[in-house]
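Visitor: Sequence:
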Amino acid sequence: MRITNAIKIAVILRALRNAFGLSQQGLATAAKCSRPTINRIESLDKASPRSDTVDELLQVFRDKGAEIQIGDEEVLIRFTKEALLAAGQGITSGSKRTNLDD
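Following full-length UniProt numbering, the numbering of the sequence shown begins with 1 at its first residue and continues without gaps.
Rather than coming from a laboratory, the hints here were simulated on the basis of the structure.
Straight-line Cα separation of at most 20 Å, DMTMM-like style, residue types lysine to aspartate or glutamate; simulated pairs:
| hint | residue 1 | residue 2 |
| --- | --- | --- |
| 1 | K8 | D72 |
| 2 | K32 | E56 |
| 3 | K8 | E73 |
| 4 | K46 | E56 |
| 5 | K8 | D52 |
| 6 | K8 | E74 |
| 7 | K8 | D45 |
| 8 | K8 | D55 |
| 9 | K32 | E42 |
| 10 | K32 | D63 |
| 11 | K81 | E67 |
| 12 | K8 | E56 |
| 13 | K8 | E42 |
| 14 | K32 | D52 |
| 15 | K81 | D63 |
| 16 | K32 | D55 |
| 17 | K8 | E67 |
Here are the computed distance ranges between Cβ atoms for each label pair:
| hint | residue 1 | residue 2 | range |
| --- | --- | --- | --- |
| 18 | T92 | D63 | 12 to 22 Å |
| 19 | P36 | Q59 | 12 to 22 Å |
| 20 | T92 | R50 | 32 to 42 Å |
| 21 | G71 | N18 | 18 to 28 Å |
| 22 | S34 | I68 | 17 to 27 Å |
| 23 | D45 | N18 | 16 to 26 Å |
| 24 | Q89 | E67 | 12 to 22 Å |
| 25 | D52 | T92 | 30 to 40 Å |
| 26 | E67 | A6 | 18 to 28 Å |
| 27 | S93 | R62 | 19 to 29 Å |
Here a beta-carbon is modelled for each residue, glycine too, at the ideal position from N, C-alpha and C.
Generate coordinates for the entire structure from the input sequences, incorporating the hints supplied.
Guide: Dropping the structure here:
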């Protein structure tokens, strides 16, 4: 089964949004596009998003320190120290944590 670019982009965006604690609206604002555009991409509602839109969306995460490589059969996301710190801040400020160690 062939993995389309649309699937790769949808998975990347959803994974990175979750990692950095961004809502679809938050990503849309940062990338200067609309929330429905992000929703369509993530839900695979549109077969192939425009390349300039994808570039703008991925740039938001690259600016946070994420390194993204898209291959034929795989996607690699690397979190630099800067990205890990930014994602960690999103976790601690975005939700109340419960102590699961008890």
